[in-house]
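A.B. asks: Listed here are the chains, written in short residue letters.
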Amino acid sequence: MLCQECRRKEANIHIVKNINGNQSELNLCEHCARKKEELDFSFEPQFSLHKLFASMLNQSLSDSREAMQADKMQCPSCNLTFSQFSQIGRLGCSSCVPAFEEKFKPLLRRIHGGSTHAGKVPVKARKRVNILRELDQLKEDLKVKIQNEEFEKAALLRDRIKAAEKEIYEKNDQNEAEKGDQQ
Amino acid sequence: MKQLEFSLSRWMDGGGPETDIVISSRVRAARNLEGHTFPCLASEEETGDVLEKINSTIAGKKDFSEFLYWPMGQLSEFEKQALVEKHLISLFLARESKNGALLLRRDEAVSVMINEEDHLRIQAILPGLQLEEAWQETEVYDDLLENDLEYAFHENYGYLTACPTNIGTGLRASVMLHLPALIVTRQINRYLGALSQIGLTARGVYGEGTEIIGNLVQVSNQVTLGQSEEEIISNLYSVIGQVIEQEQNARQALLDKKRADLADKAWRALGILEHAQIMSSQEAMQLISDLRLGHDLGLIKLVNHKLLNELLVLIRPGCLQLLAGRELNNSERNIERPVQVKEALDRYKE
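Here the protein sequences come in this chain order: A and B. Heads up: the first sequence is residues 1 to 183, going by the numbering used here. Heads up: the second sequence is residues 184 to 533, going by the numbering used here.
Hints are supplied without guarantee of correctness; some may be wrong.
[Unchecked claim] If we take Cβ atoms under 10 Å as the criterion, some of the chain A residues that face chain B in the derived model are:
# : residue
1 : CYS3
2 : ARG7
3 : ILE111
4 : HIS117
5 : LEU132
Keep in mind the hints are simulated off the structure, nothing from the lab. Quick caveat: nothing in here was measured; it's all calculated off a predicted structure. Glycine is no exception: its CB is placed at the ideal position from the N, C-alpha and C atoms.
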């Protein structure tokens, strides 16, 4: 067989590639194979992390009925389905995360160990996120105070929680109203 | 049309702390725009809209006046390849992006990739161990861009990215390390294996998979969710600190036992680099590593880190073609490589 690249020399190197089940074969002479190698070598290696997710997802969706239901989940904004996501390993838009949240959260925990953002917040979202983070902390503290039967301190915390929640909900209403005005 | 020229990036200047082991530090942040489909699922038209939106955001802004703009569609294959080799863009941007573009600060320390896997990839790369400084640089441009753009952000999951491995901080911090002593004494595997258990990963800088060429290893964070940017970076610092210490110990042990051999190897490397007529990139990488070790151990004084970094990059296929100003096949490159190496060595002697 002749080399598929130069079509002059005898092909003595056979490369079989299997990418996502698509098998392709390449028959090259030593010279052309080396050229190909140098080309591959010249770039940083590519990670095929999406394959990893696919296997992670398949693992976590061992119940087939559950898996079928999960597959039907669809992002209302970009129309990506969960089953498409598990094949390509990429999200389509910012609405995909809330749409797939139920299945997505365990996946994030497997990849990162945690599932709650602890880092930088965009300036525009900072105030709201700070209140939310404070709220979580206050609720934790409240639990401890009640367990320790420190009811006076607990009452103070409860008032602070109410105030923080009010601030957030009022902001939400405001935002909704503003959106309504724009439309 | 303007043409890309071969230039030295800031990370190659040989400055910064710990340069005898840490060649460069890089931090990149992945960001997406709210209300726009992420690039991998977006149509040509949608990525075009995003590109236009970002361009109009920075147009005329003083903070971006030091940036050059390179649309991927206007660059030749080898020009793009050269940018990848200099770690200024990703392979993905070079090969697969739709309406992909690069904003590159003149000193080549900061680059912003548009329409990569995410709408924006903001990165800073500095010489030596300077992860904190690289994050500060990155954050400056992150904040500037956010002034006029609304980022995709979720209260619980942080910055939303196309790939779940980047979600949260969207941060990837990495260092390029030269570890010849740990590699030659085969201690390296012990360290690399342990890294994955603490949310880090290591691989060869060039070469496939776990293969290490030129004794260069890249260590970076894997985890982006649940840790703050500062935690990610300080975690890396503490690990890198230990790797540096181990490498230094291994180098000292080698020096005590095999001083003459190491000096011989370094001087031979210089001799071959200066006089060879045909050279593969793999051979060149090994020679540069031998020479760098000889220099770092004080056995050879004729070179410095800046020259060694320049050599490391100019022997790569894309950069060689950029220097030659034309496409070269493999055997032409093997002839061009020693020519360019010799010129760089001669320039340094002057």
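A.B. asks: Give a verdict on every hint.
C.D. replies: Verification of the hints:
no., hint, in the structure
1, CYS3, "violated, 15 Å"
2, ARG7, "violated, 16 Å"
3, ILE111, "holds, 6 Å"
4, HIS117, "holds, 3 Å"
5, LEU132, "holds, 6 Å"
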